[in-house]
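These protein sequence lines are chains A and B, in that order.
Sequential numbering of the first sequence, starting at 1, is according to the UniProt record's numbering.
Sequential numbering of the second sequence, starting at 1, is according to the UniProt record's numbering.
No wet-lab data here; the hints were simulated from the structure.
Ideal placement from N, C-alpha and C gives every residue a C-beta, glycine not left out.
Warning: the hint list may mix true and false statements.
To be verified - Every beta carbon over 12 Å from chain A, so not counted as near; a handful from chain B, in silico:
#, residue
1, 52
2, 97
3, 134
4, 158
5, 171
6, 173
7, 181
8, 226
Stated by the list, open to error - Estimated spans, in silico, between C-beta atoms of each pair:
#, chain 1, residue 1, chain 2, residue 2, range
9, B, 336, A, 109, 45 to 55 Å
10, A, 205, B, 59, 21 to 31 Å
11, A, 87, B, 190, 54 to 64 Å
12, B, 120, A, 217, 27 to 37 Å
13, B, 69, A, 76, 40 to 50 Å
14, B, 335, A, 8, 33 to 43 Å
15, A, 109, B, 331, 34 to 44 Å
16, A, 27, B, 318, 54 to 64 Å
17, B, 63, A, 217, 46 to 56 Å
18, A, 8, B, 230, 51 to 61 Å
19, B, 69, A, 70, 29 to 39 Å
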Amino acid sequence: MATPRPVEIIRNGLWDNNPALVQVLGLCPLLAVTGTVVNAIGLGLATLLVLVGSNLAVSLIRNFVAESVRLPAFVMIIASFVTCAELLMKAYTYELYQILGIFIPLIVTNCAILGRADAFASRNPVLPSILDGAMMGVGFLLVLIVLGGLRELVGQGTLFRDMALIFGPTAQDWVWRPFPEYTDVLFMVLPPGAFVGLGLLIALKNAIDGQIQARRARQASEVTPGSKRVRVTGHIS
Amino acid sequence: MNRGRTSSPHQPGPNRTGRLMAWVMAAALPGLLAQTLFFGWGNLINTVFCIALSVGTEAAVLALRQRPVRFFLRDNTAALTGLLLGLSLPPLTPWWVSAIAVISAIVLAKQLYGGLGANPFNPAMVGYALVLVSFPVALTTRWVAPAGTEEAVLPGLIETLSIIFGGSTPVDAFTMATPLDVYKHGIAGALASQVTTHPTFGDGIARGWEWVNAGFLAGGLFLLWRRIISWHIPVSLLASLALMSLVFGWDPDRATPLSLHLVSGATMLGAFFIATDPVSAATSHRGKLIYGAGIGLLLYVIRTWGTYPDAIAFAVLLMNLSVPFIDHYTQPRTYGHRKARRVGTGGA
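Using the sequences and the hints given, assemble the complete structure.
This is the structure in structure tokens:
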């Protein structure tokens, strides 16, 4: 398999093969922690770190590990990086670590990461693998942020609350309240809201893809200027 | 042999769905009348508001989807969804809660799935469940004390309008918990004779509610007589609810008695008008029996051991979810074919 060009890797990670919207992988953390933007960023960054690290390591060892034991090896590598991410979060963003709780160690089981290790990193050189990990991670992170923002805005009527958990005390007043008196919509705060929100995002992506495809088809079928037409049906009166 | 004049059997009448839905809406009128008599103007205002908003939303989404708006509006299903929401929401629900219920019912539960006939869930119940989960306070404290209660007053038309649309909070004299709610929470620490002294029960089983349910029962029997719905779903629903209640709740000092289960809450409305939605219910007669029985069972389970006092919406939605499964196993035998043998069960 030829290594794809960098542009293709970027497009794949961010849009065409987005882990959350197209592969629909890693739903467990995606649905569980997207109650607010800050939770989404926290988990997204941790996943991004693990993805880049594991893709790098898997790509390095790809020629030395036998085919039959590759999956246990990948899982070991991923688990090591998840432990790193967990310890980092414990050290620098302890409160956020406590909020996200079990979902940080659970990154090990995120199929998107094992999927990229097996489908891309184990077959490609180091640099493209790092780029692929980074782009898949950013694609996942962006979906998490959009979903987190949607749920926070509709559910609690705020945006960017508690950003200080990641960005330090200066971010304390980043919180934006568009509506002064807002009744919490519990549905969006609770997990069902995440399902509905993700469903709407996937529908939106499919709609945009459909529009793009329709436009391309129209452009392709348009007659190039200067060509002559030949009438083949009907009679000339 | 004189066969008389018959048209070809596959000749459909003009817009049959629209006529059927109009009959269903007409059959709900006795129940709505009873609601208005005992609980004031609230349900009537809610119903009118929900129907108008529902039809408007449906038209807007149809236009967005580039479908023929007038053709689809004439099937009356959007209006029926609005009517069902107006009937089941508490009388003093603020307008924006009703609006969220209606819009999510039409947009999320119906049109996003492809419109009439393609929705796996009952749209009205999706909207109801969504606002019930989202705004538990607004949906449990906005029930009106039934007419005839000594210490309570029925809110007048102006007051009702200002509560629903003006955002004012209803005074305590207007509202009262529903009988199912009172019984469920009261029976934990008292005897049946003590619980039923609560004014919400009145002299009969449940003041006002018994007439509302009688109204919906009458409407439901009318639909049965007109053969608009079949008996399978309501009968199996009520039978399984009764069976569950007799097995697990035979002692009125410990659990809500069967009489209260049957004539209070949204039991009759659910059994005859909501569970019988032809799109989201099971298809074959055997399937309908299973589907109705499942709703009755879940209704009892959630009412008794769940946190919500009434459970029509959740029970119907959960059984909607199992309809493909039920339909798969209850496919009727086609004429001239033997029943297919199940592979792996030993055959003959």
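Hints that the structure is at odds with (numbers, increasing): 2, 3, 13, 14, 16, 17, 19
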